[in-house]
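J.: So the chains spell out like this:
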Amino acid sequence: MNPEESNPEALLIAITQHKFCTGLSDAHLKTLASMAEAVSIEPGRFLIREGGKADRFYLIRTGKLFIEMYAPGRGAVPITTIGTGDVLGWSWSLPPYRWHFDAKALTLTRVVSLDANKLKDRCDEDHDFGYEIIKRLLLVAQNRLQQTRMHMLDLYKPPQVEQL
Amino acid sequence: MQQRSTIAPNSFDALIPETARVTSVRKETVDTFTMDLDRGFRFEPGQFNMLYAFGAGEVPISISGDPADSSRLVHTIRSVGAVTKRLEALRPGDMLGVRGPYGEGWPMAKARGHDIVIVAGGIGLAPLRPVIYHALRHRDDYGNVVLLYGARSPEDMIFESELHRWRGRFDMGVKVIVDRAPSSWRTHVGVVTTLIPKVYFDPIDTIAMVCGPEVMMRFVVREFQNRGLTEDKIYVSMERNMKCAVGLCGHCQFGPEFICADGPVFRYDRVRDIIGIREI
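In order, the protein sequence lines correspond to chains D and P.
Taking this note's numbering, I'd label the letters of the first sequence as residues 126 to 289.
Taking this note's numbering, I'd label the letters of the second sequence as residues 213 to 492.
Worth flagging that the hints you see were computed from the coordinates, not collected in a lab.
Any given hint might turn out to be false.
Unchecked claim - Cut-off 30 Å, straight-line C-alpha distance, at most; resulting in silico cross-link-like pairs (DSS-like, lysine-lysine): (1) P:K455 with P:K239; (2) D:K243 with D:K260; (3) D:K282 with P:K297; (4) D:K155 with P:K410.
Work the whole structure out from these sequences, hints included.
T.: Next up, the structure:
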């Protein structure tokens, strides 16, 4: 993971343009920018590791990552792919504040990395800000839950139709 | 080689199969194969034929070949039961019965001047391949052409070499996603709906064509609606137990519609209210 040089103005623009931040007020965008840094991850490198401390929240600017889990005997199993415009990680918002999976860059990936401890504190202090963040996180969680449900359906499994 | 035009569905001839000879069989996946027949006739993308494996029975199979190529008929078949297993056993030179083409196909004329977003799941790409052939052959008639294809795993993707070829074109967008993949896989993993927010199309001037498992189609429609596409711009291909293929026997009745004669392709608002009814 490589910190990228970026001036605060460019960082604010990157945050403003990110889908997760659509509709946030200027003040809230500036709050996010105050706790952000730009980071890039080379292909094959891990951004987060299962069991690690969940102290960052990532807005993906460009690139593609695998969310994967390691299964003994099977190796790394990709669960889903996330990329440009997505966010990574909400484990920072709930105990035990540990990552539940690995995230590995498939391509050169650039993210806005937010300090999750500061973000949490700010959410506690400013409930309007906190509500806006949690609302967005819930939407992400809802989409991921829906995708997981569809995944579990094994949609393309061959039908059991003896007659055909 | 005999050429003929579409049979009037209500004529007696529509129920009589003609013989055709298998000219080639290609394995697509472990349980899916593509079979070429020496008989050719005009068809519209999305139409299907009834294929008759002698002594085993008849099954409805979408035509997966090029509508502009009237020298042969191409079908892509998943081997799941007695009849399709018998079809799978056929080799070049063997005979089978064929009647068709039947049904209402994809709205190629209505799509003229629009972007086309094709969403296919699993073997659902087979009835949509003629759409791609047609759109690429008449490229100036359409705006952006995008294919989003979901499969169970990389090994379960059909038409893989064509997917690569289409993906290499400058005038077509292709995105592929699989449910399960090894870590050597280099593109999307997940469900096909997640690809919809990743492609550009103008919801005002887009026609979506969707074919795959019914549950997938329901979720895909919801995602399109989130992107601002209205139900009258979304077409789905339905599947039920088709027997006569001409709307007489009633086996494939779907509410007020017969899949074989009124479909298999429907504008979504025509089936919206019945697609989720379990008893249907």
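J.: Now look at each hint and say whether the structure bears it out.
T.: Results of checking the hints against the structure:
1. P:K455 with P:K239: Distance ~26 Å between K455 (chain P) and K239 (chain P) Cα, so the pair holds.
2. D:K243 with D:K260: Holds, because 18 Å separates the two Cα atoms, which is no more than 30 Å.
3. D:K282 with P:K297: holds (17 Å)
4. D:K155 with P:K410: Given that 30 Å is the threshold and the Cα spacing comes to 27 Å, the pair holds.
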